[in-house]
Amino acid sequence: MSTATADHHDHDDHHGPAPGLMRWVYTTNHKDIGTLYLLFALVMFFIGGGMALIIRAELFQPGLQIVDPLFFNSMTTMHALVMIFGVVMPAFVGLANWMIPMMIGGPDMALPRLNNWSFWIMPFAFAVLLSTLFMEGGGPAGGWTLYAPLSLQGGDNLAFVIFAIHFMGISSVMGSINIVATIFNMRAPGMTLMKMPLFVWTWLITAYLLIAVIPVLAGAVTMLLTDRYFDTSFFSAAGGGDPVMFQHIFWFFGHPEVYILILPAFGIISSIIPTFARKPLFGYASMVYATASIAFLSFIVWAHHMFTVGMPLAGEMFFMFATMMISVPTGVKVFNWIATMWRGSMTFETPMLFAIGFLVMFTIGGLSGLMLAITPADIQYHDTYFVVAHFHYVLVPGAIYSIMAATYYWIPKWTGNMYDEKWGKIHFWVSTVFLNVLFFPMHFVGLAGMPRRIPDYSMQFADWNAVATIGAFGFGFSQLIFVYVVYKCIKGGEKATTEVWEGADGLEWTVPSPAPYHTFETPPAIR
Amino acid sequence: MSSPSSYYIPHEAKWPIVGSIALFVFFMGFASFLNGGGWIAMALGAALLIYMMVMWFGDVIRESESGMYSKQVDVSFRMAMMWFIFSEVMFFAAFFGALFYARQFSGPWLSGAGEGGAAATNAVLWSGWDYAWPNNGPAELGGEYNKMSWFPLPIMNTMILLASGVTVTIAHHAIKEDNRQKMVKWLLATVALGFLFVACQAFEYYEAYAHLNLKMGTGIYGSTFFMLTGFHGFHVTMGAIILLFVMLRGRKGHFSATNHFAFEAAAWYWHFVDVVWLGLFIFVYIL
Amino acid sequence: MSIVLRWLVTAYALLFCSLSLAAIGDINMPVGVTPISKEVYGLHMMIFWICCVIGVLVFAVMFYSMFKHRKSKGAKAADFHESTVVEIIWTAVPLVILIAMAIPAAKTLIAMEDTSDADVTIKVTGYQWKWHYEYLDSEISFFSSLDADHNAARQVGSGIDVSQFDNYLKEVDNELVLPVGKKIRFLHTASDVIHSWWVPALAVKKDAIPGFINENWALIEEPGVYRGKCAELCGRDHGFMPIVVRAVPEEEYEQWVAEMSPAPMVAETSEDSAPAAADGDAEREWALAELMEKGESVYNTSCAACHQANGQGLPGAFPAIAGSPVATGPVDAHINVIYAGVSGTAMAAFANQLSDSDMAAVITYQRNAFGNTVGDLVQPSAIKALR
Ligand code: HEA
Ligand code: HEA
Ligand code: CUA
Ligand SMILES: [Cu+2]
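Same order as they appear, the protein sequences are chains A, B and C.
Residues in the first sequence are numbered from 5 upward in steps of one, following the numbering used here.
Residues in the second sequence are numbered from 807 upward in steps of one, following the numbering used here.
Residues in the third sequence are numbered from 1039 upward in steps of one, following the numbering used here.
If you're looking for bench data, these hints aren't it; they were derived computationally from the structure.
Note that the structure is predicted; figures quoted are calculated from it, not measured.
Every residue gets a Cβ at the ideal spot worked out from N, C-alpha and C, and that includes glycine.
It cannot be assumed that every hint is accurate.
[As the list claims (entries may be wrong)] Keeping only pairs whose Cα atoms sit at most 30 angstroms apart, straight-line, the calculated BS3-like set for lysine-lysine is:
(1) C/LYS1111 / A/LYS429
(2) A/LYS426 / C/LYS1111
(3) A/LYS199 / B/LYS982
[As the list claims (entries may be wrong)] Sample of chain B residues at the chain C side, in silico, Cβ under 8 angstroms:
(4) TRP915
(5) GLY922
(6) GLY923
(7) ALA926
(8) THR927
(9) VAL930
(10) LEU931
Model the full structure from these sequences, guided by the hints.
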């Protein structure tokens, strides 16, 4: 990193990656960093999934068989934190790293060194978070929502958890800033905003959401920290504060956060469906506006997570109506995707299967979300497994499936090899069947009255919980197929063409497979 | 030297990993410290972090001074700084939000105003408590205290910050006219004002603890007062240090009329700190 | 390929069969026994069916397209990619549907929030992990916690078959008795962390927030026993703080109130909120054996949830009593911990949860059990002196 080497740098020497392990530590290359993010997310997926399997194992039968209730609660908490901050977000950032510069015809991310830092924070941040599991008193056990005052009762872990959140927050904000700068500043001449692929658009909007709400989360947990260690009383009525205030601030972050977990997915699906329908995306402009509306609305609906806290009636009404409104732009997206398929010429390779799986099951999850938005009904649904069913339907076949779809879709471009289509399809079908066995019954037990975050339950819920647990293990272990397919594809396989997919459209399909270490050092011409 | 049309992409970045390790040590150390452990790891982490920043910025400065950054790179930096400041705004928004919530909602509810269970809240749990701002809650946490008056220190501090906004603008005009000498002089004034502000604030805290019995533990008033002014004070300190470094660079002959992004970034940051203070002055001290 | 598609369709056909099953039995929301619960049930079914219809329509179009517009069937891709008219339609139609859903929802919501003109007022306070009920119109108040047999069965590795209980985890020691046909107003609050008092059949779920009171109401139309749970994560034993409401005809209720009022209910260990008054036992001298025996039972009901039945606690979260510097140190400090609690931690003040003799007994027990051998004992009179 001396002036000398930099001085001599010019873009004629197409030097590839530095050899050895340090390549990965020092890299500033968007593709390397993208790969690191994706691998990190995959590892965390198994850790977070392992925790989910502990939860499901305990819930297999009524009675407490395996774990102490406190440990159960900390599994629930950690599972969610790991899945959200350690799997879905990093995976999306990894995809952004790989694809955005290629999609907009830029040479790399705008701030490559910062990019490296954004990634290398993650393993350390999660080391801080996961270290709490090995402390006396165990990990955080107050739910991922960290509600005061319960979270304040946590043992020594509280400070570690809060700093881990700050730590990840630094990464997210830096990563988002980088993405915003890249999209605005690195586009090839002629790549106007309204020519950008939707994945780029959705990520742009997501990045804004992140920059806006991650600091709010940081503020919220900082107040927890001072309430616990420095005598303040933000969340204590005795001092004139309010425990519910934490919830307001948390969900002001938390609701936009769930759209952070789905908007890039919308972008991915908007890339895949046109490719396999061999037809341009229907309603491009309205897709962009719908995404923006969802993002805007996401800032004014947060209290739909708090319908039972005793808000003034007018507040409940406002948040109910605003929440329902989100169905409209989301519906526009769903309809646009279907219109894209309509009178196309469809084939069903693995990415398309996952995209269709997304479409169907995300819609199911979205519709149950709409039910939750109806305040009087939500007062009954709230904090039951109906909610758990809702958000797993939007998160697992939503966010996770979109990531799987993206991997299958772009992995030939990354590795230069085709993945094993047969095993890809098997992966899809096995996952999808088990996934519904896993999450669908949660609607039933939820409606029938099973609260969430409990390690043990009454006899009436026994059957469906057993079914769900079977589904969980089936779904969990079928993800090993995914690992196998990815591994095999990295190792070798049928060589991929430049275009890879017959109906593919976009700049990333104009560079050879595998994409060279540096792409678009001279900007491509845009039609 | 790269041509202005090509985008400078550094290869191999050594400092980020150092930064991650530094933050790791710092956070682990800080958390252990809060739980009753020692402070050494924390200090070590902080030191490593500062070292990392010096080295990283050093690289950037060298690259910039040797003209490797094109206009486009400059734009990236500008955007990054802008959105970073926006993220800081949102951080403060959380604390302002807490202040408004306590004043508009939780306070009145505890004293029985409002629909739903407010009346019962007051009658059954906190009977006889009346809401007023400031307050330390129905349990009067922290005991008797006095409000921090807006006069004389805070209003003085407002003047100081406003003046520093002017001086930094004069310095900016100076560098735009390529008058480095003048820029350094006015920056010096800005930095001095910045540190003067911090000193006044420190004195104010001393007053609060020593004579007003106003502490972090003084209920919601103490909480919001110290968190808002404290984080602001921290940002002023940071901003002043950044300006100090900009000034030192100016003395070394850095910056030109067309190339002085570091200066501008610091100035933006400084204005942001300024604006936050105005919000604070109004909502924490006056209203 | 077509095999794959057939699979897809079968899978989703099955899914939707099960979806429509949701209209019956134990896999749906109970209808409940209050006017509000019936309204909520109706609302729930309405939005459920609307969502089903939307889902079916959307998926029907989609699957039709997937069958017809397949490349393997020789479909040629069309080239349209825009139509302002359909875009407007599919923005407007959902909007209309939403408005149709919002109107009845708003009506129900307004009715739910109207707590005026109540006949009976009950204050419900959540504790970690039990409920405290106070009948504000009469002098009745008591704690209600998980039934002791269930509590024994639910311990990790208890070896007890839980399926032998009809209402596993849904049985309490003291039920909340309420009159039928009266408007009952609930005041919800909590003493430590947030809980949530939820009885599905009454369509009542409201968070119990420490330092604040939330209101709610119910008008029970049929006598019966209605069971519920704490619905907000409140720590280790959140899953084990059930609610049992026994709704009885008005005369029976009056009779129950009359029975309960003069001498507040004295169960094994849990008393009313001013236990000292009811505790004549505090005057006399107690023997060590007597205190130890009572102390053990108090310990198991009130303390073992955290400090564990064997006194070992859960390291890092709940300190061990065995060998604890407090439980083996000066007695005054020990008494203070139980009497006043440790603020900012889960260790609550037990002064108004336990009677003088309970507290004296449990302190004595802790000093002389689990291998602690301090040998001294605490008389109830010593606790009484603190009040
Ligand atoms: C990816 C994440 C994601 C997404 C996209 C959503 C989407 C939505 N969510 Fe969800 N939600 C979560 C993640 C997500 N949610 C999580 C994690 C929680 C729990 C947090 C916790 O407590 O731990 C939660 C909880 C949650 C609650 C609180 C429940 C409770 O605790 O009581 C509510 C209540 O309103 C809600 C509503 C909605 C709505 C209305 C949408 C809408 O955006 C859905 C819109 C989509 C559709 C409606 C389907 C497609 C539309 C059509 C086909 C058009 C036609 C439709 C109509 C006209 C109706 N969600
Ligand atoms: C993106 C987010 C995401 C994802 C992907 C998932 C995935 C899964 N979730 Fe998650 N979940 C949440 C987000 C998510 N969840 C959130 C936000 C909560 C709320 C938390 C709270 O209440 O605070 C929650 C809560 C939650 C609960 C409720 C807990 C409770 O209320 O007490 C349950 C219960 O079944 C559950 C189950 C599962 C399962 C079975 C999966 C499966 O999809 C997982 C698939 C499994 C694997 C991928 C494992 C693979 C492992 C192997 C093959 C074995 C090898 C093992 C090792 C190497 C360790 N989750
Ligand atoms: Cu009390 Cu959960
Ligand atoms: Cu939400």
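Comparing the hints with the structure gives:
1. C/LYS1111 / A/LYS429: holds (20 angstroms)
2. A/LYS426 / C/LYS1111: Given that 30 angstroms is the threshold and the Cα spacing comes to 21 angstroms, the pair holds.
3. A/LYS199 / B/LYS982: violated (37 angstroms)
4. TRP915: holds (7 angstroms)
5. GLY922: Interface hint status for B/GLY922: holds (6 angstroms vs cutoff 8 angstroms).
6. GLY923: holds (4 angstroms)
7. ALA926: This hint holds: B/ALA926 lies near chain C, its Cβ roughly 4 angstroms from the closest one there, short of 8 angstroms.
8. THR927: holds (4 angstroms)
9. VAL930: Holds. Min distance 6 angstroms.
10. LEU931: holds (6 angstroms)
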